[in-house]
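If you read the sequences in order, they're chains W and H. One point on numbering: in this note's numbering, the residue at position 48 of the first sequence is 48, and numbering is uninterrupted. One point on numbering: in this note's numbering, the residue at position 2 of the second sequence is 2, and numbering is uninterrupted.
These are computed hints drawn from the structure, not numbers from a lab. One thing to keep in mind: the hints can contain errors.
Claimed, not checked - The calculated label-pair distances, taken between Cβ atoms and stated as ranges, are: (1) 53(W) to 9(H): 28 to 38 Å; (2) 40(H) to 1(W): 16 to 26 Å; (3) 8(W) to 57(H): 15 to 25 Å; (4) 46(H) to 65(W): 22 to 32 Å; (5) 86(W) to 5(H): 20 to 30 Å; (6) 73(W) to 10(H): 34 to 44 Å.
Where a beta carbon is used, it is the ideal one built from N, C-alpha and C, also for glycine.
Spelled out from the first residue to the last, the chains are:
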Amino acid sequence: DSGVTQTPKHLITATGQRVTLRCSPRSGDLSVYWYQQSLDQGLQFLIQYYNGEERAKGNILERFSAQQFPDLHSELNLSSLELGDSALYFCASSVSPEPSGNTIYFGEGSWLTVV
Amino acid sequence: GENVEQHPSTLSVQEGDSAVIKCTYSDSASNYFPWYKQELGKRPQLIIDIRSNVGEKKDQRIAVTLNKTAKHFSLHITETQPEDSAVYFCAASRTGTASKLTFGTGTRLQVTL
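Go ahead and model the full structure; you've got the sequences and the hints to work with.
Shown next as structure tokens:
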């Protein structure tokens, strides 16, 4: 158990809908990262927050948004869902704002299926 | 931005043999290179990492080497075991504002009996 908690574990929804994925970082971690992993694909970086502020942005679609709350949990909002958004969404956390500063720990992921 | 290429995409070795996975990166400022192991349906887990001030690092059967001049780094697994079967990802990151951890596309390692 990495200490990073993600909910829900599985989610099936229809095209055009909106979903929210939730992540609680490890105790003491201030950075939260979101990654997308499509079938047989690598880990695509979406966005990072550090202590409530957006720190780095990757290939995140405009239909997607995220935020980190004062209690440091984070939510990833996916709207106007398309079939191609079906993927495993990972949240990860670390103490440092920089990926090179320390180990990044991944949660178990949220499986999203868009039908 | 950073681009990380990883080879091979699949690798099959017999139990007890060695496995080598190679990655190249594009950003000469990258200074942190972790390797993650992901078992089927599980989360990626860090298995070893190396920083640019070190050329080689070893942890039991796993070692990583870094060639900054050529901008490539490799993962070496010796005496492979069936439980080493998984997808392995390399990654690279630099230090600085808005730095990101960029992953390679992964190598599926199959250790056969």
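Cross-check of the supplied hints:
| no. | hint | verdict |
| --- | --- | --- |
| 1 | 53(W) to 9(H): 28 to 38 Å | 37 Å, holds |
| 2 | 40(H) to 1(W): 16 to 26 Å | 18 Å, holds |
| 3 | 8(W) to 57(H): 15 to 25 Å | 38 Å, violated |
| 4 | 46(H) to 65(W): 22 to 32 Å | 28 Å, holds |
| 5 | 86(W) to 5(H): 20 to 30 Å | 26 Å, holds |
| 6 | 73(W) to 10(H): 34 to 44 Å | 37 Å, holds |
Hint compliance for this structure: hint 3 alone is broken.
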